[in-house]
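Trainee: Turn these sequences into a full structure, and let the hints steer you where they fit.
Chain order of the listed sequences is S and X.
Residues in the first sequence are numbered consecutively from 1, following the UniProt record's numbering.
Residues in the second sequence are numbered consecutively from 1, following the UniProt record's numbering.
Hints listed in this document are in silico derivations from the structure and should not be mistaken for laboratory results.
None of the values given here were measured: they were computed from a predicted structure.
Check each hint, because a few of them may be wrong.
Stated by the list, open to error - Derived DSS-like pairs: lysine-lysine, alpha-carbon spacing no greater than 30 Å straight-line:
1. S:K252 to S:K368
2. S:K317 to X:K223
3. S:K337 to X:K337
4. X:K317 to S:K223
5. X:K337 to S:K317
To be verified - Non-contacting residues of chain X with respect to chain S, defined by C-beta distances greater than 10 Å in every case (computed):
6. F16
7. L28
8. R52
9. G60
10. P113
11. K245
12. R263
13. G305
14. N322
15. E334
16. D344
17. F346
18. M354
19. M365
20. R372
Said to hold, decoys possible - Which chain S residues stay away from chain X? Per the calculated CB distances, all over 12 Å, these:
21. G60
22. G247
23. G254
24. E334
We put the CB at the ideal spot given by N, CA and C, even for glycine.
2 protein chains.
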Amino acid sequence: MSTIETMQVVVYEGPFNIVVKKKTKPVLVDDTDAILKVHIAGVCGSDLHMYRGHQKTITGHTMGHEFIGTIESVGSAITRFNVGQKVMSMFSPMCMRCWFCQHGHTNRCVNGPSYGSMALDGGQAEFVRVPFADSTLEFIPEEVHDEMMILMCDIFPTGYYGAMKAITKLLRNTQTAESIVGGTLHAPSALRPAFQTIPLDEVVVVCLSWMWTSWTVPILSAKVLGAGTVYAVDSADDRLEEARKMGALPLKLGTDYIPEIVRSATAGRGADAVVEIVGNQSAMRLAIDLVRPCGIVSSVGFHQGDLPYTAFEAYSKNLDINMGRAAARPVYGEALKVFAENQDKFADFITHRMPLADAPTAYEMFEKHQARKVTLTL
Amino acid sequence: MSTIETMQVVVYEGPFNIVVKKKTKPVLVDDTDAILKVHIAGVCGSDLHMYRGHQKTITGHTMGHEFIGTIESVGSAITRFNVGQKVMSMFSPMCMRCWFCQHGHTNRCVNGPSYGSMALDGGQAEFVRVPFADSTLEFIPEEVHDEMMILMCDIFPTGYYGAMKAITKLLRNTQTAESIVGGTLHAPSALRPAFQTIPLDEVVVVCLSWMWTSWTVPILSAKVLGAGTVYAVDSADDRLEEARKMGALPLKLGTDYIPEIVRSATAGRGADAVVEIVGNQSAMRLAIDLVRPCGIVSSVGFHQGDLPYTAFEAYSKNLDINMGRAAARPVYGEALKVFAENQDKFADFITHRMPLADAPTAYEMFEKHQARKVTLTL
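Mentor: Put into structure tokens, the structure is as follows:
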């Protein structure tokens with residue numbers, strides 16, 4: 001009779017109820033799996049949606065979708081990785097075989113279950129099973145410190161994606177079919193104007209990401225991508241100061257008359273784009289108020305309630321709104337380069353490091369804003 | 001004492017209350033104005049939003065935003081047009097000087113009032129004042145019959161714009177900042193995949209435009225722009241037959257199980273894009289049901305009520321939704337070319353021609369679907 005190997009894991013038992021307990025150590029299930037021995041696991045702002053009970057779910061699964069570790073075993077189909085290599089995981093597994101993955105929509109992979117759900121235990125654990133390891137994992141580059149790669153699991157690609165969607169949509173917004181489908185159509189009118197694309201240095205972006213630990217990422221990303229003016233909205237002075245250091249103009253909730261300031265800076269029009277990362281109705285409502293007609297709302301916040309705007313508002317402002325979680329894989333290369341070049345700006349990003357056994361305290365402190373970013377170490 | 005010149009006009013007096021009465025003939029107000037002697041004015045599907053009382057408005061204005069006529073006088077700043085020339089008008093005046101016009105968003109011109117509103121009398125009248133005539137008017141090309149140009153006032157550019165938005169967004173959907181902003185970022189990972197753009201002949205578009213007189217326009221436009229499969233949803237057999245002739249696969253409301261058919265045709269995914277032109281909640285709801293994750297909803301229907309979907313649906317399907325009226329000027333050249341090449345398909349589009357004095361009957365028949373398209377002749 002073989003002994004069953006167990007390990008320590010962080011389990012969700014219900015709202016405000018995080019428990020450290022023992023579970024059976026995972027084993028390879030599919031030939032595309034890898035098993036990781038986890039070294040560092042992050043507690044992410046999106047974990048709080050579940051912790052606070054806003055995101056309804058069954059209980060009992062292991063939490064966590066940010067982690068780095070060493071490969072302990074690999075399935076027979078794995079070609080990129082070997083036992084003993086140090087790696088990080090994207091925040092959600094992606095198969096790279098389904099139609100969605102192949103078309104760049106890795107955020108809607110039909111085969112990859114989500115970490116930290118009933119379908120797949122997460123990485124706040126001594127060991128974790130990684131499906132589709134060849135595409136879900138990445139190496140840790142020499143130029144980035146191991147611990148800092150926790151930011152590349154979710155925070156950085158997600159924030160970068162939100163800003164990237166806004167900027168690229170703005171740049172393409174005046175293009176017509178003639179310039180996209182390939183010039184088979186022509187313009188018969190002498191009047192046909194050469195419409196201007198907005199010069200990037202004139203673009204005004206507002207980042208709404210208060211309460212989100214990683215809110216400086218979309219600010220930095222929008223600046224790196226060339227946006228001339230980036231406003232950052234928050235209620236806390238310390239976070240507004242961080243935003244300022246990243247190149248944003250700070251706007252304080254409850255103090256500044258934000259819509260008027262944005263309108264004044266844009267000749268009355270409103271912001272060209274708003275990047276929404278909070279995932280609540282008041283943020284989305286502010287986005288609709290601040291964006292100009294024909295502007296972009298790029299939302300990667302996790303949303304559950306009703307939409308806080310009417311069909312008439314969207315119609316009469318000609319709004320272009322995309323929502324949903326980031327596609328990490330298509331932007332990973334770009335995001336990593338931006339991150340590596342700016343990692344000094346995130347040097348004191350992780351404020352608390354605790355042993356896995358202290359996970360209940362870590363969640364409690366994080367939820368109460370007593371910690372900006374907590375990692376669990378093993 | 002000079003005599004005051006009067007003319008016959010079609011006035012909105014409230015829901016289901018259209019009256020032909022006399023008003024003072026318009027005169028030049030601004031130096032960018034033109035006065036047109038109207039020959040033909042169309043009753044548009046969007047006039048019914050007001051006629052049926054769905055679109056709340058003050059009463060007393062002259063109706064109509066589709067008309068062709070001869071230039072009777074021009075302001076001193078007009079350079080493109082001379083007295084006596086035959087022209088058509090875009091459905092709404094555009095100044096081409098404001099920030100929105102200059103950036104291709106002529107649908108949100110801040111200086112151009114809407115025809116058929118308290119701000120500007122419409123063209124269902126013997127004469128009409130045209131603001132910003134140099135950019136609001138267009139010549140009638142030799143290859144298109146005068147009367148047919150009524151379709152180019154609104155119906156054709158709007159339907160084309162709806163389809164164009166959907167197709168061009170699909171083609172750009174997998175592009176990242178690297179390929180847009182200009183290649184200053186690079187991908188450090190060997191895995192970085194070459195994501196596929198959807199081949200146009202595999203694109204599946206659904207057109208929702210029932211109750212809209214001009215519903216075959218987005219169907220034709222989507223086909224001309226290269227969409228491989230276009231479904232058309234309607235409840236009426238005769239309109240479904242027209243859709244079939246334009247190249248669409250007809251789906252009958254209340255008879256076909258539409259979501260299942262679309263899913264079967266797309267390996268379970270759903271439509272790549274849905275073009276919504278009806279402007280009501282049930283159409284928008286069907287759009288959300290039919291579109292695939294990461295798909296496009298392109299809506300040019302006039303919407304007033306609540307949005308018939310939740311934030312969670314938009315988030316969890318990663319939807320990209322644009323709403324609002326078409327920008328006519330940027331697509332005018334493309335749309336006219338498609339229209340001119342396909343005008344034979346619209347030869348029997350106008351079913352009823354009535355004198356202006358019969359406008360009340362025209363509206364009544366049109367509202368009851370007894371006429372497909374009515375023009376008022378002068």
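Trainee: Taking the hints in turn, state whether each one holds.
Mentor: So, going through the hints one by one against the coordinates:
no. : hint             : verdict
1   : S:K252 to S:K368 : 20 Å, holds
2   : S:K317 to X:K223 : 28 Å, holds
3   : S:K337 to X:K337 : 45 Å, violated
4   : X:K317 to S:K223 : 28 Å, holds
5   : X:K337 to S:K317 : 28 Å, holds
6   : F16              : 22 Å, holds
7   : L28              : 21 Å, holds
8   : R52              : 16 Å, holds
9   : G60              : 22 Å, holds
10  : P113             : 14 Å, holds
11  : K245             : 22 Å, holds
12  : R263             : 13 Å, holds
13  : G305             : 6 Å, violated
14  : N322             : 4 Å, violated
15  : E334             : 4 Å, violated
16  : D344             : 18 Å, holds
17  : F346             : 18 Å, holds
18  : M354             : 31 Å, holds
19  : M365             : 28 Å, holds
20  : R372             : 25 Å, holds
21  : G60              : 22 Å, holds
22  : G247             : 17 Å, holds
23  : G254             : 24 Å, holds
24  : E334             : 4 Å, violated
Hints 3, 13, 14, 15 and 24 from the list above are not met by this structure, while the remaining hints are.
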